[in-house]
Structure formats: structure tokens, C-alpha cells
Amino acid sequence: MSSRERLLEAAIEAIEQGMTAEELMTLMYAWNESFAGEEAQRRRAVRLAVLGSSVSRPDSG
1024 MSSRERLLEA AIEAIEQGMT AEELMTLMYA WNESFAGEEA QRRRAVRLAV LGSSVSRPDS
1084 G
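Start counting at 1 in the sequence shown, then tack on 1023, and there's your number in the working numbering.
Check before you lean on any hint, since a few could be wrong.
Here are the simulated distance ranges between beta carbons [stated by the list, open to error]: (1) Q1040 x L1074: 46 to 52 Å; (2) V1073 x L1050: 21 to 27 Å; (3) I1035 x A1068: 27 to 33 Å; (4) V1069 x S1026: 15 to 21 Å; (5) V1069 x E1032: 35 to 41 Å; (6) A1034 x A1072: 32 to 38 Å; (7) L1050 x L1074: 33 to 39 Å; (8) R1067 x R1027: 17 to 23 Å; (9) S1076 x Q1040: 24 to 30 Å.
Hints listed in this document are in silico derivations from the structure and should not be mistaken for laboratory results.
We treat Cβ as the ideally placed atom computed from N, Cα and C, and that holds for glycine.
Turn these sequences into a full structure, and let the hints guide you.
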């Protein structure tokens, strides 16, 4: 189960137990920050991989 799925399940459970709208917004903000961090890590890894492949290629010309 992904971290997003775990957070979604936690949000559903919290609502079922009486979470307020303010508490839910705080939870969703934290979820968005977490997701943005994961996406940034993936993009950084792709950039490094592309940079590494372009550096290792011999120049043609």
C-alpha cells in the first residue's frame, strides 16, 4: 500500500470518528506537502539520470 493510500485511509477513519473540518484541512495540507515531496524526489531522480546519461555520452563532432 502506498503512502497516499495509507493517508487516505487515515483520513476516512478520522472523519468516521468525528474529525472537524479544520482538522481535515490540516490533514489534507500535510498530505499535499508529503505528496509534493515525493514528486520532487522522483523529478530530481529523473533529472540526475538524464544528466548522467548526457555526461557519459561522448561528444559527436
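Verification of the supplied hints:
1. Q1040 x L1074: 46 to 52 Å: 47 Å, holds
2. V1073 x L1050: 21 to 27 Å: 35 Å Cβ-Cβ, so the 21 to 27 Å window is violated.
3. I1035 x A1068: 27 to 33 Å: At 31 Å between Cβs, range holds.
4. V1069 x S1026: 15 to 21 Å: 19 Å, holds
5. V1069 x E1032: 35 to 41 Å: Once the Cβ atoms are compared, 29 Å apart, the range 35 to 41 Å for E1032 and V1069 is violated.
6. A1034 x A1072: 32 to 38 Å: For A1072 against A1034, whose Cβ atoms are near 33 Å apart, the range 32 to 38 Å holds.
7. L1050 x L1074: 33 to 39 Å: 36 Å, holds
8. R1067 x R1027: 17 to 23 Å: 19 Å, holds
9. S1076 x Q1040: 24 to 30 Å: Violated, since S1076 and Q1040 (Cβ atoms, about 49 Å apart) do not stay within the stated range.
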